[in-house]
Amino acid sequence: MAGPAAPRGGARLAGHLFTLAALGIWALYAASVDPYVMPGPIAVARRLGEFFADLDLLRHMLYTFAHILGAVAISFVVGGALSLMAFYLPRTKLMVHGRLSPFLNSFPGIGWTLLAIVWFGVNDFTVVFAISAVLVPFAIINMREGLEAIDAELLEMSHSFGRSRWRQFLRIVVPALYPFIFATLRISFGVAWKVALTAELFGGNTGLGYLLNLARQNFDMPLLLAVIVIIIAFVYSSDRFLFAPVQSRLAKHHAAA
Amino acid sequence: MQPLERPAPDLARDGGRRARRRTTRLRERLLDHVFAEGLVVAAVLGWWGLSRGMPDYVMPGPQTVLIALVRLFVDFDFLRHTLASTLRVVGAVVASTLIGGALALLPHRYPIWDVIVHERVKPFLNSFPSVGWAILALIWFGSSNPSIVFVEVAILTPFCLVNISEGLKEIDRELLEMGRSFTRNRRRVFFKIALPLLMPYVIAALRIAYGVGWKIALIAELFGAETGLGYLMLNAQTTADATTVFATCFAIVLMFSAGEKLVIDPLARRFHSG
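Quick note, the sequences are listed as chains G and V, same order. Using this note's numbering, you'd call the opening residue of the first sequence number 1 and step up by one each time. Using this note's numbering, you'd call the opening residue of the second sequence number 258 and step up by one each time.
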């Protein structure tokens, strides 16, 4: 994900200058318009501080986390199971990859949310259902790639060493899948954030998406921007400091093996 | 592991075996389809069975939804919305591919932009929540066509940027050096070598942007649009019209698959072989 190994000092300096310039332009623009159109960086930073001091707001953040983690787990299990079924029962391959996955993949997330509201009401289950429905095709597609990348000869060889399919699965298939499992979780996590907000906005009474909706209705621009800042910070830092290092380590390990 | 060398097979027997193999393969493929189409039929039947005991505002039956779906493409009052969404998606996909491409080329050409594009603009756009854009655009620009297209472009641009810069990274290693040894004209190298090599990545960017575009078209249209499938859908939801919600979802599935089969796949094939 990161660009060239070591960008030159000039480019790095330009990056910092760009950040400063962007903040400066934001502040200048905010000073020239009404605060409900565009509050300045300082107002947003102050609101951000209040956010972390307010337990009720923090609670919403935790709810969003719970929704996302739940949905990532559910969709991974469901998508992984479907991919494994298509792999071990080739008869169902066209069914899973040719019918189910494209359908789920093109079905709009908002549609799931609105339908889930009708079916289950406005609650946490609706939110988790809508996010999971969107994530399942991502899990299917990614796990399929992993399963198809497994060396058929390796499988054949392991067949000749032992007859237990279960052992073969645990010792050969699962370790070979690690990088893809990881990629699936990473992509799911990134997509889940985006879907979670929409789902919470319409179908939830908790979570950051619900807060966004409140802020929108009250024209509370500082809160709106503060929530957006929180989301950007979380998505970016989880990808940069959690997923990217683990993935590069996995890649190294597998290249060496 | 090299396969062991086999003795040359008897030709006649081989022909027979090949014919037999062809029929088994045909049967295999037929069975695959039985399973795949079986799932579709089972899903529709299950849906029908489920909907019989339920009112239309909770679970409309397949036949009701089918009528509503056809209406979306036939009745002008509805077709208007379908076309509005389609035009916005197409416009946004083209615009974001151009913007993403330009953003990717900038640091490629002038390395001073590297950190700005890849460590500031890209992560920012990538992690900015789509609903956030939708709400902000509504407040900033009101509800209008440009406002909706802005939201879609803002969401799609990072996808295009990532793909095209990936492509630029790949082709760098390959032929550009050689191209430069033949001519010093940078524009010639770009148009004759870099661009054709880049095309598969541009197509991949288009494909991703198109898929994501249809998904987020609804989000962009949910706040304050007066046309489009998103508007129809939200309207339907507030009047407890689950039939229309279903129909708009299926309309999107159809439009998405049609666009991919009729435009993106042929484009990909053309540039892949060429």
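Quick caveat, the hints were computed from the structure, so don't treat them as lab data. A few of these clues could be false.
To be verified - In silico DMTMM-like links for lysine to aspartate or glutamate, alpha-carbon gap of 25 angstroms or less:
id : chain 1 : residue 1 : chain 2 : residue 2
1  : G       : Lys93     : V       : Asp522
2  : G       : Lys93     : V       : Glu285
3  : V       : Lys426    : G       : Glu145
4  : G       : Lys252    : V       : Asp289
5  : G       : Lys93     : V       : Asp289
6  : V       : Lys518    : G       : Asp239
7  : V       : Lys426    : G       : Asp239
8  : G       : Lys93     : V       : Glu294
9  : V       : Lys518    : G       : Glu145
10 : V       : Lys449    : V       : Glu423
Evaluation of the provided hints:
| no. | hint | in the structure |
| --- | --- | --- |
| 1 | G:Lys93 - V:Asp522 | 21 angstroms, holds |
| 2 | G:Lys93 - V:Glu285 | 12 angstroms, holds |
| 3 | V:Lys426 - G:Glu145 | 23 angstroms, holds |
| 4 | G:Lys252 - V:Asp289 | 38 angstroms, violated |
| 5 | G:Lys93 - V:Asp289 | 7 angstroms, holds |
| 6 | V:Lys518 - G:Asp239 | 33 angstroms, violated |
| 7 | V:Lys426 - G:Asp239 | 21 angstroms, holds |
| 8 | G:Lys93 - V:Glu294 | 12 angstroms, holds |
| 9 | V:Lys518 - G:Glu145 | 21 angstroms, holds |
| 10 | V:Lys449 - V:Glu423 | 19 angstroms, holds |
When the structure is compared with the earlier hints, violations turn up for hints 4 and 6 and for no others.
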